[in-house]
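K.L.:
Below are the chains, spelled out letter by letter.
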Amino acid sequence: MRASTHRSSGRRLIPVALLATASLALAACGGGAGAQAPAGSPTSGGKATIAVASDAGCVDPQQVASNDTIWSTRQIVDSLTDQNPKTGEIVPWLAESWDISPDSTAFTFHLRKGATFSDGSAVDAAAVKVNLDRAVTLGARAGLIRGYLSGYAASTVVDPQTVTVSFKQPNAQFLQATSTHSLGLLSPASVPLSDDERCKGVIGSGPFVLGSYTPNQSVVLTKRAGYSWGSSLWKHKGAAYLDQVTFQVVPESGVRAGSLQSGESDVISSIGPQDEAAFKGTNVVLQARSNPGVVFNLGFNHQRPLGADPVVRKALSLALDRQQIVDTVYTSQTKPATSILASTTPMYAEQKKALGSDPKEAGKLLKDAGWVRGSDGIYAKDGRKLSLTVSWSAVIGTNKPALELIQQQAAASGIDLQLKELQVAESASVLASGDFDIYWSNLTRADPDILRSSYSTALANNYRLPASDLDAALAAQAADSDPVKRAGAAAQAQQLIVDSYDVVPVVELTTVLAHSPKIHDVTYDASSRIQLFDTWTTGG
Amino acid sequence: MTRYLLRRTGLALGVLWAAFTASFVVLYLIPGDAVEAMVSAQDVPPSAAELARLRATYGVDEPLIVQYGERLWAALHGDFGDSIQTGRSVTSSILDALPSTALLAGTALVLAIVGGGSLAVVATGTESRWARQVLLALPPLAVSLPTFWVGLVLIQVFSFQLGLFPSIGGTGLSGLVLPAVTLALPIGAVIAQILAKSLTSALDEPYVTTARAKGVGRTGIHLRHALRNAALPALTAIGLLVGQLLAGSVVVETVFARVGVGRLTVQGVTAQDIPLVQGIVVFGALVFVTANLLVDLVYPVLDPRIVSTPPISRRKVRT
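Residue numbers (my numbering), protein chains in the order written: chain C, 43 to 582; chain U, 10 to 328.
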């Protein structure tokens, strides 16, 4: 898992946190669980405190990749476009319209007039150009933006309100990328600063301005007066409602949950199943959305004999009971995987049929292929046991219990899975070096092109897939500027991946947050990250 | 005295160098490096070539010995470089986090000395055998409680239920109470245990009998004679407990969402941010040796006989 990292340093404390919050839950007055209080009409003013689990040490949206930090930095910057979380459609924000060349190599944006950065400089074509030119030189922290701009050729200022961005190869995902926080625009004064200087604070054109940043403690945002160039998706015009938003870093999940119920914080992130149980019967509002992109999956190394065997891959998929995994390990809003892409991803195509649970069929497949079940219950062939190692890292607290259950389910069907925990810091190089049988991970991205990054043999090809029809389908979805044709190619790619069990999709990661009934209209964007422009409070 | 100070200073420098080297070695034994820690939180892992370019940018591709030499040379000039993760100067990162941790640890130490000391004095001074046994059972109990659990229970009761103290983002006195008590508890317990033990044996010493014979009251003997002599082992322990204070701040600052050196340590280790971790380790070692040096200097005040016994350091447990 990458961009959607939920760090839950306090997993060991779960029993205590449960105890602590459960007693509060009993004491709290009733009210429908998860029911939004009658809203009334939005009012301007007030403050909100949002408790998040971690601080990445950087407040430059172009450089940050962890959810907890994206939540705050997203509010400082505007993007060229926005993406409708319901339809996946790209809609105007700073750009009123755009033209894309038929081969998806040139993108011309027509900017709205009158938008300014909070230092007074204009949001114009020149500002877009300096942002993109600089973005490709950013360092290690800026992995997201680097991926979005791969193959970047140049930006050309046509006139003050028109800029053309061109690429060396077809790059259809770039349009969606312009809607993300990573391509949020910074003031030309902030752009040329060093990576490190930008981490301490940047100037954007967003509805909130960075007030103060204290590492490991808080990010304070204040309302931008006179703001009037919000996304076309937002409910109201003009400035944001909230005067001030404080993102408070609270690493301990039990303390985050308690602080919400004691009123010290208004919104909390990284809700675990144990917190959810404690909130039942209280007036705390829970909201959830699946993260778009590649679902949590068992990704085979196709260069290893067992990973290259389609029977083994299919048998493992049939051995799993995805619903049981969801019910046991994840929050109640979590969905089992129904494709390699999560259901919230634009151009998602359901592949439910291929992802059923049928342990008997799994055994039959293996027997037909010559595998014999040994006295220990594990299949073997030619003296070789059906045993695979699953490598994973603890970037999210649910990884371990989920994999332990998967291990049990597989063992019941005669497949031995060994779990190998990796340091977060070594996971990238393990994946790149191919030193794994199966790699457990997910990827958050609201565009089907995430499949090409992961599974095209023309790119990194970490899973060592052999060249196949899949490459053509992935290339087609990257090249076609016609959304209908693109969706067709994306659907074909999903079907090819799932039908051949190149990877075994398991569960959709779900972003859950909880907030007090005083807070209204905290919305998720298409990437399942929060947007606070329309958020208002009745609590003052 | 000069020779003694030189010896102690030389030893302190040795400890600092060892701490610096050990942190470097340990961080290299963990798989991965700071650049990988950064890219592993991103959508699309960079290619091998890109990874190599980034490693070169951040200087983690050079041979170990070169990196070690460069860092040591810079450290000798008081420069611990910039954090790889955040780009901030290590020295200023530590200095920014320091006041909060110093206040926390200082308050906790005072609470521990006053609380642990009082407990020991009262327990050994009481005439009720029953009360003494109950009181002496408290320190082992306190030592065995996990710090994070104590912190969570205190937050639950005093923040969430009673609303007396803030649980998150606490500043000022009200925000200091719960974390300081949490941190003081295990340290106060150790002080109480040691002091109670040495007070008990001091009360059996001949000079106590002599003082009693001279008609000195029970309380007078206890506080003026026995405590003074029994304080030495406890004082030595305080020097060592300073290390435990710093270690405890990691847990306490995380539970109470406080800024400080402890949280900075967690951040640095997680990200394998070698410059940051080395800066913190050397800083921690500096605090530790300074505290123990101060303890050594206080010894002669409590026990004048020590001045005439030259190599004091031998009397102490080496660390």
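Source of the hints: derived by calculation from the structure; they are not laboratory data.
This one's a predicted model, so the numbers in the text were calculated from it and none came from an experiment.
Mixed in with the good hints, there may be bad ones.
Below, computed lysine to aspartate or glutamate pairings styled on EDC-like, alpha-carbon distance capped at 16 angstroms [stated by the list, open to error]:
| # | chain 1 | residue 1 | chain 2 | residue 2 |
| --- | --- | --- | --- | --- |
| 1 | C | LYS279 | C | ASP563 |
| 2 | C | LYS409 | C | ASP351 |
| 3 | C | LYS155 | C | ASP145 |
| 4 | C | LYS89 | C | ASP285 |
| 5 | C | LYS242 | U | ASP91 |
| 6 | C | LYS242 | U | ASP105 |
K.L.:
Each hint should be assessed against the structure and marked as holding or not.
P.N.:
Status of the hints after comparison with the structure:
no.: 1; hint: C:LYS279 to C:ASP563; result: holds, 15 angstroms
no.: 2; hint: C:LYS409 to C:ASP351; result: holds, 14 angstroms
no.: 3; hint: C:LYS155 to C:ASP145; result: violated, 29 angstroms
no.: 4; hint: C:LYS89 to C:ASP285; result: holds, 6 angstroms
no.: 5; hint: C:LYS242 to U:ASP91; result: holds, 13 angstroms
no.: 6; hint: C:LYS242 to U:ASP105; result: holds, 14 angstroms
Violated hint for the displayed structure: number 3, the only one.
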